[in-house]
Each structure stands twice: as C-alpha cells, then as structure tokens.
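Since chain A is already given, all that's left is putting chain B on it; use the hints.
Taken in sequence, the protein lines are chains A and B. FYI, in the working numbering the residues of the first sequence are 1 to 458. FYI, in the working numbering the residues of the second sequence are 1 to 568.
The set of hints was computed from the structure by calculation and includes no laboratory data. In this text, all values refer to a predicted model and were calculated from it rather than measured experimentally.
In silico DSBU-like links for lysine-lysine, alpha-carbon gap of 30 Å or less: (1) A/Lys143 <-> B/Lys243; (2) A/Lys255 <-> B/Lys536; (3) A/Lys137 <-> A/Lys150; (4) A/Lys137 <-> B/Lys243; (5) B/Lys216 <-> A/Lys137; (6) A/Lys150 <-> B/Lys243; (7) A/Lys150 <-> B/Lys216; (8) B/Lys86 <-> B/Lys536; (9) A/Lys258 <-> B/Lys536.
To give a feel for the contact side, a few chain B residues facing chain A, derived at Cβ under 7 Å: (10) Thr210; (11) Ser223; (12) Ser434; (13) Pro458; (14) Ser460; (15) Met462; (16) Ala463; (17) Gln473; (18) Glu477; (19) Pro478; (20) Ala538; (21) Ala560; (22) Pro562; (23) Val566.
Even for Gly, the Cβ is constructed at its ideal location relative to N, Cα and C.
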Amino acid sequence: MTMDQSRRTFLKRAAAVSIVGSAGPFVLNLAAIGEAAAASASDYKALVCIFLFGGNDYANTVIPYDQPSYDLYASLRSTLALPRDQLAGTVLLPATALAGARQYALAPTLAPLVPLFDAGRLAVALNVGTLIQPTSKSAYTAKSVPLPPKLFSHNDQQSFWQASSPEGAISGWGGRIGDLFQSGNGTSTLTCISAAGNSVFLSGRTAIQYSVSTTGPVPLLNNASSLFGSTATMTTLRALMTGARTNLFEDEHAKVSKRSLDLQAQVSGALAAGPAIATPFPSGNTLADQLRIVARLISVSQELGAKRQVFFVSLGGFDTHDGLLTTHPTLMTRLGAAMRAFHDAMVEIGAANKVTTFTASDFGRTLTSNADGSDHGWGSMHFVMGGAVNGRNFYGTPPIVANNGPDDVGQGRLLPTIGVDQYGATLASWFGVANSSMSTVLPNIVNYNPSTWNLGFV
Amino acid sequence: MVEGDTAMAEQQALQRDASRDSASDPSPSTLAALGVSLGLAACGGGGGGGGGGVTTGSTPPPPAIVLPTRAQAARFLSQASMGSSKADIDTVAAQGFAAWLDAQFAMPRATSHWDWLVAAGFATSASMNSEAGFDPVMWRQLIASPDQLRQRVGMALLDFLVVGIGGVDLPWKQFAVAAYVDVLMDGAFGNFRTLLQNISTNVAMGYYLTFAGNRKANPATGSVPDENYARELMQLFTIGLLKLNPDGTNQMNGNAPIETYVQDDITGLARVFTGWNLDSADNSTPDRMRRPMVNNASLHETGAKVFLGTTIPAGTSGPQSLSLALDAIFAHPNVPPFISKQLIQRLVTSNPPPAYVARISAVFENNGNGVRGDLRAVVRAILLDVEARDDAIAATSTEGKLREPIMRLTGWARAFGATSPSGAWPIGDTSSSSTRLAQSPGRSPSVFNFFRPGYTPPNSAMATAGLVAPEFQIANEPSVIAYVNYMAALVPNGSGDFRADYTTISALAADSTGLVDEVAILLGASLSAATKASIKSAVDSLAASATANRVYSAILLTLASPEYLVQK
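Chain A extracted, bound-state conformation (with noise of 0.2 Å):
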C-alpha cells in the first residue's frame, strides 16, 4: 500500500471506533492533541464556504484586461469573449502589480465586489484544482504523478474538493476541522452548519453536519402540545420518531430526526431573540438567503455557546455548455450581491474580522467554446472575503491564456497551480488549526512543501 493509502485506511478505522468526547485509543491522540490545543480558543471564529456547483467558469470570471492577454482571450474564447470596454468598471488593482504587466478585471456583474478588493477585503488566488501533489504539464502528461481521479466528472470533483476524495468520501475538511474544535463549543453539534442540504464538506471523522432551513430550523407541527385532539398522540409521533431502532437505517433516520427535535428550540429561540439585522439581503436569490440565515447564525453564536464555526451554502446552475452569454451574468450578479450583503451585515455585527468566507466549485471550464458555452476544466479562479483578508492582492500565479499552452492540458483546461490542500490549510490556518494537525484536515498537505501550505490570504 501506498502511504496515502495506508494514511486512509488508518483515518477510516479511526473513524470506526471514535466516539464523541471520549478518551479513545491511541489513534485517536492525533487529534486530540489538536483538539485539546485548538479547543481553548477564547474568541470567535467562522470559516464560510461558498460551493459554486457544476463548475464555474474561470475565464469570464476573472477575465484577462491587460491588452495582449485580452487578446489572446478574445481570439480563443471567440463567441464566449466578453468586450473589452464592458470590463473597465471592474479592472482589478492590486497592492503589489502582477509580474508581466499582467491585468485582471472581474466579471461586469461581480461589481459589487471590487469596493471589497480596494479596500482590501477581498483576494483573489488564481487557479486552484484539485490536486494530490504539485504537478507540472510534463507530469500530467507523463502521468508520472497521482492525479485525482475522475478528473472533469462533476460529483468525484465536488467531493474531491470537499473530501480530497471523490464521491463515496464520508468526510470532508470542514468537518475535520469541525473535529479539532467542537468540543470547545457549547454545544457540539452546531460546530458545521449547512444552509444548502447535505454535503460531504461539513461532515468530519466525529463532527455531524448540522442542516438548517433559510428561515431557521424546522419545528415539528409549530411545537403544538397536541395533534388530532390528543396530547398522547403528539408524544407518541415524538417518540415514534426518534426511538432508537435495531435496524440500521431506521436508527439512522431516527437519529436525523431526534438531533432535528432537540436542538430546535435552542436554535430558534437564539434566532428569535438575537439581533434584528439591518444590511438587506437580494431577494430572488437563494445564496443570498442561505448567507442570511448564516449571518444570523453567526450574530448569535455567543447565546449559542460557538467559539469555531464552519458554514456550507451553495448556488448552482454553474454547468454552462450552453448559453453561458445569458446565464453566467445572472450568475455572477447573484454571487456578488449576496457576498457583498454578507459581508456588510458581518461589518454591521461586527464580525467582519471573524468570518472568512471563500469559493469553490467542482472545476474551472475550457477556455475555447463550444459554439455557445464551454466545457468542463480544472483549475479556477476563486475569491477569498473578510476582514481578516489580507486583500487587495491577487495569490498564484497567472497562468498564461493558450489553448494547450504550457499551463493548460488542452482547451484552456487549467492545470491548478495552486491545490485545494494549500488554498484549505491557508484557511485552516487561520481557523487555529496547527500545522501538526494539517494533515489530519487535510491528507494531501503533506505532499507540499510545507513553507507553501500558508498562501497568505488570510
């Protein structure tokens, strides 16, 4: 076995006998150590991952402005381009200028958020993949390093940035940081909150993803006392509800309902009673209604009891082979007006120096068209947001606008210079995660030089 593969394979019996704040056997030290370190943390905390699902676009998102990379865009996006005059309100300038005269400007729509760049709120790290190592063009085409496998396959890609594994992967690294720290939380099972469903992202070795509707969690039949005439009749749905069971997915969909039914009250009533938030939210947007509920979330953190928390929202319809002119707009205007609403009701609770929120996506596209859209990539571009941020810069390196030029491996798929591993650990990082622990969140880190695992954006 490779020693990926023996790491797994210790991760997965760990994960077989762990068991909720207890003492464990010697496998579990590893994280204990951290989780004792990390769990003292005295103040607040939370990372906001933003899923941009079916792939997005990397090239009409950060769009290439100084004229002979505009150039090079125009001829090999042909129909995709977008004009260059329509990008002068949305060129980027960075604190330190990119090597080679190098210009970016954000997509028309994603406005709202350059205030956020020049006021250093915002970076940018440019093209991040997936990755088990640093891989070079000769490399990859050599396949003389591991690749993620099932590369350009939407679900093995999504879990591969969630996991660094692809679909089948029962945890992801938001919840294995969530396992470094929920037991500094009040209450551990509202360490990783996910407004958009269920995903592999927020679920650690130990740490449960915890699922919450836009407006808040759902109360069973407005809490009434009685249902059909009969309180008996309500305390047996209860009961029925969420008894243990012998059968294993009975016991399951108990256990979904019995965590559903007892932290509600704490959670609405912390909602109720927190702070009315006066930042309005785009309507007709349902990132921006996820990034409300998470903000509201986060303004009552303290009655909550939470010092670390990690959050999963999403916004999908990113799969653009088609019609990409018509839809990507729609879809970067709701992404920047829901950031920039999110980041100025943080600013308005005074969380902005708390809360790092950052994009991902299973993939960048193709840089050339298919008539009227583009296919499925690699590498993208992707926005990291707070006021930890150390923004107004972009992070990586620009890769060169080719269709099978040296940092592309054909149609302008790009190949990531920088892995998720790094753009995580940077995060991690931040969180409180100790290098030490890194590789308990994520495995692949230990594949890089680790003076590179901190990228500096936050």
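Leaving out everything else, chain B in the frame of chain A:
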C-alpha cells in the same frame, strides 16, 4: 417467453419442491418465493416453459399454489407500484405475484402525459411560457393510473435517466418534459437499446444536456463540440465510471478500480452528438416538442469518431453515427450490471448482494430468448427473485431502503383513495425541504438526481458497515420534520380538492387494534408489535366515537415511523 407457460412452470417447480421431505421444507412464503424463482429459471432456459418433469399421458393434479398473505402482497406492491390500495392488495393476494405482473405488463397506458395536458387545456398560449400543468400531469398518473408497475419502473428510470424541468429552457417546457417522461413510461417494458435511441433524440433531453444545436468543430473560431451529453450518457445512463463485474462489484487492477473511459473517449463521442436539433421553429403549438430531433448534415461532424475502442468511419451520417454509437455503448459489458443494480436499488433494496445483481445482469444480457436489454424480463426477475420475496431476508438489520418521499405521498394517496374530482390534482411542486418532501417528480435539480446511487450518510452505522443509502442524501434536519408537517396537513385535509376517502378504513376506527393493523398493511409497513402497541395506545387516548381523529392518528403515526419509512 410465452406468458401462459409461466403458471405451468410455477406449478411444476412447486411440485418439485413439494416432493421434498416435509421436515426440511422452508416456510410457505419462502417456498412460494423459491418456487416462483425456479419457475422463472425453467422458463428462462429458452423457448417456453414446457420442459421440466411433466410426463406425457397422466397429469397429476396441480398442487395448491401458495399465495401471498395480504402483508406479503403489500410488501410486494411497495416494490412494484407507487402504492397499494386495498383492491390491489386483495388482487395480488388472490392471484399471486407472477399473475399480477403479467397483467401489468400487458396493460396498455390509458393515456399519455402529453394527451392529458392537451385535454386539460394547457396547449394554449397562456401556458406556453410557464410550467402550468406540469406538476398535475406528473402526480396524476402516479396516484391514479392502474398501470402501477409501469409508473414505478418509469419513475425508477427517471431517477437515473434524469431530466428536470428546471433545466429545460424552452417554450412549452411542460409538454417537452411530459413527452420525455412518456418516452420512459412507454419504454419501461421494452428494450433498453430502444430506450437509449429514444432519449437520445428527445427534445427535452437535447436541451437538458445541451446537445440540441451542438455543432461540429469550427477551426476558425476554435470551437469544438459540446461534450455534455457524451459524458453523462456514459457516466450516468449506461456504463458508469468504473469497470464492473457482472455482479456489480468493481473490477480491480491490483488495489485500484479500473476506469471505463478517459477524456478522449468523451471528446470522440461528443462528435456523434452534432447536428441534432428540433425539426421546426414553429411555436404556435407544442407539437415539435415531442417529435424526435432531426439531424442537419451540414452541422454534423463528418470526420471519424473514435471512442471506447470503436471507430465510426469518416463520412458516416448523423443518424447512422448515433445508431452505431449507441450500439457500441449498449454492447459494453458494464451495461447489464450498471442498469440492473440501479433498478434493484430503486425497486427493492439499497445494498443488493452481488449474487442478486449477477442473476439480474444475466437476464439483462439474455432474456432467455437471446435478446439483450429486455427490461420486462429484468423487472420481472428483480421482483420475483428470492432476495426480493424472502421475508427472512427482509428482516435483517442491514436490509432495506429509505422510501423516496414522493412514494410516501403516493403510497398514502393510493392506500386511502385520494383523488382530485376536478382533475386539477393541486399538489404542486414538493421540492422544498423546509415545507414539503425535498423531492418532486420531474424536478431534479441536476442530472445527478435528488440522490446518488453511492451515497452513504457520514458518521453512520451504514458507513461503518460499508453500506449505501442513496435516499438519505435528502434526509436532513429540516426535511425529516417538513415531511411530517406536510403529511399531517395532507392526511386530514388534502390539498385543494385532492383529498383522501377514509370511508372504508373508518369502519375500523373504533377497533384500535384492527385499525392499526389495517393501516399498516395498506401502507406496506411492517410494524413491530411494540410500535403497533404505541400507535394503538395513542388512538385509544381518543374517544371511540372520534372516528376521524382516530383514523388520522393511526395513519400519520404510521407514516412517521422509521419502520414505515424504511421499505424492507
């Protein structure tokens, strides 16, 4: 296979079993199940079931066929229908599984979704740019149509040959998607190769997976064909990502599974799906939405198409290329286990033993008459297999599948005669995970469906045991409560004029034991004695004369019980 021979073969098989030493006989239910399976095997030997141990001359009287109990019938219908009415259960109990299947296979569709939409008045300009009519047409047949096996298999097919109306950006989209679902329903008992052909020229699919209007490469602009359909056709509809053994397990190269295709195969196959588009631009009626797409030769890639070790020669036309491509994919050894295992997961159980998958794959490969891809034979084999019929297997702690939320609604509706007299079927979009079912027919959020076949809930005993539980992908803290809230409103009040008829069940209302037992049977729920006692006790907390509330309580408590929620 000739239908009339089935009963004969069953009788012969049972006769063989009955001749065994009675002390070692398995339970009557297992006997019946095995007898039916053996009967199938006898039929499957090729050319009718007349073989076996019948001597010429004297024919011994046929032994009594062991018929299912009502509970067993309801359990079967949980696998083979969208829900069981009392009449359905009584029919299966009276005829046996095979006879019911035969009748279902022979039953024509009463009407197509398309024709219903037209008859209901949705082919007017007022409905052209909305989804009006879509939810009613999808719910109506699931609940009310007598061809229940077809409905169930059609929905199973829709779970992996996915089109969701949200991704079909067309005028008359309700018609386009209705026509797609008609393709699945009409093809549910036909040949899978035919189904592949029909979905690959379907307008809704062409828009959903973006190959309508796809064109050959343009060297001047650098554009190349859209790869979407080529990728998902292979990954999700036919062969999957990893090479499979006939029993559904992964083929291994040392420690590693083996991929079925690489990016170049997708790029090569994408060239096949060029030049296809709707056959007209006429939007004055929906009609073009159900006519197959046609191929425009000038936009079709004329070069050779190379994929999966196949080469379609240069100069091959669009339609011929499509046919050759689908032939090549259909012939791939992955197809039988890939399709068989998913159908088993949709109908019977989330974790079929490899031997079960292998038996069904074999039927897919050859239905007994040398035909590959016979879905009718496959469905029959799945439902009559001992794995599906044996009560003892059903009772093991690792067995079962979480019922899809859609089927919990249709199950209740069929059990208690819920109908919409006006024909409006005002149930609507039930996708909300905070107020409804987290699932709605024809409204998958992506081509990956509401849940993946390989999903396992993290931090669960299933994960530790290496089991999958696909339907749990939409079970979370909001949705499990939302379901109960929603059913607690539907059970007594329905929705609009869509309401249940509790007349028959109300006759048992004063007898809490009888009420609870019958509700469980009608819903196909195998409840433990303890659960029944709990529900009975709750029912008895009401006066015996509180008929309506007693009925509602028994039904909702059953619908909310994990023992009901997990189909076994």
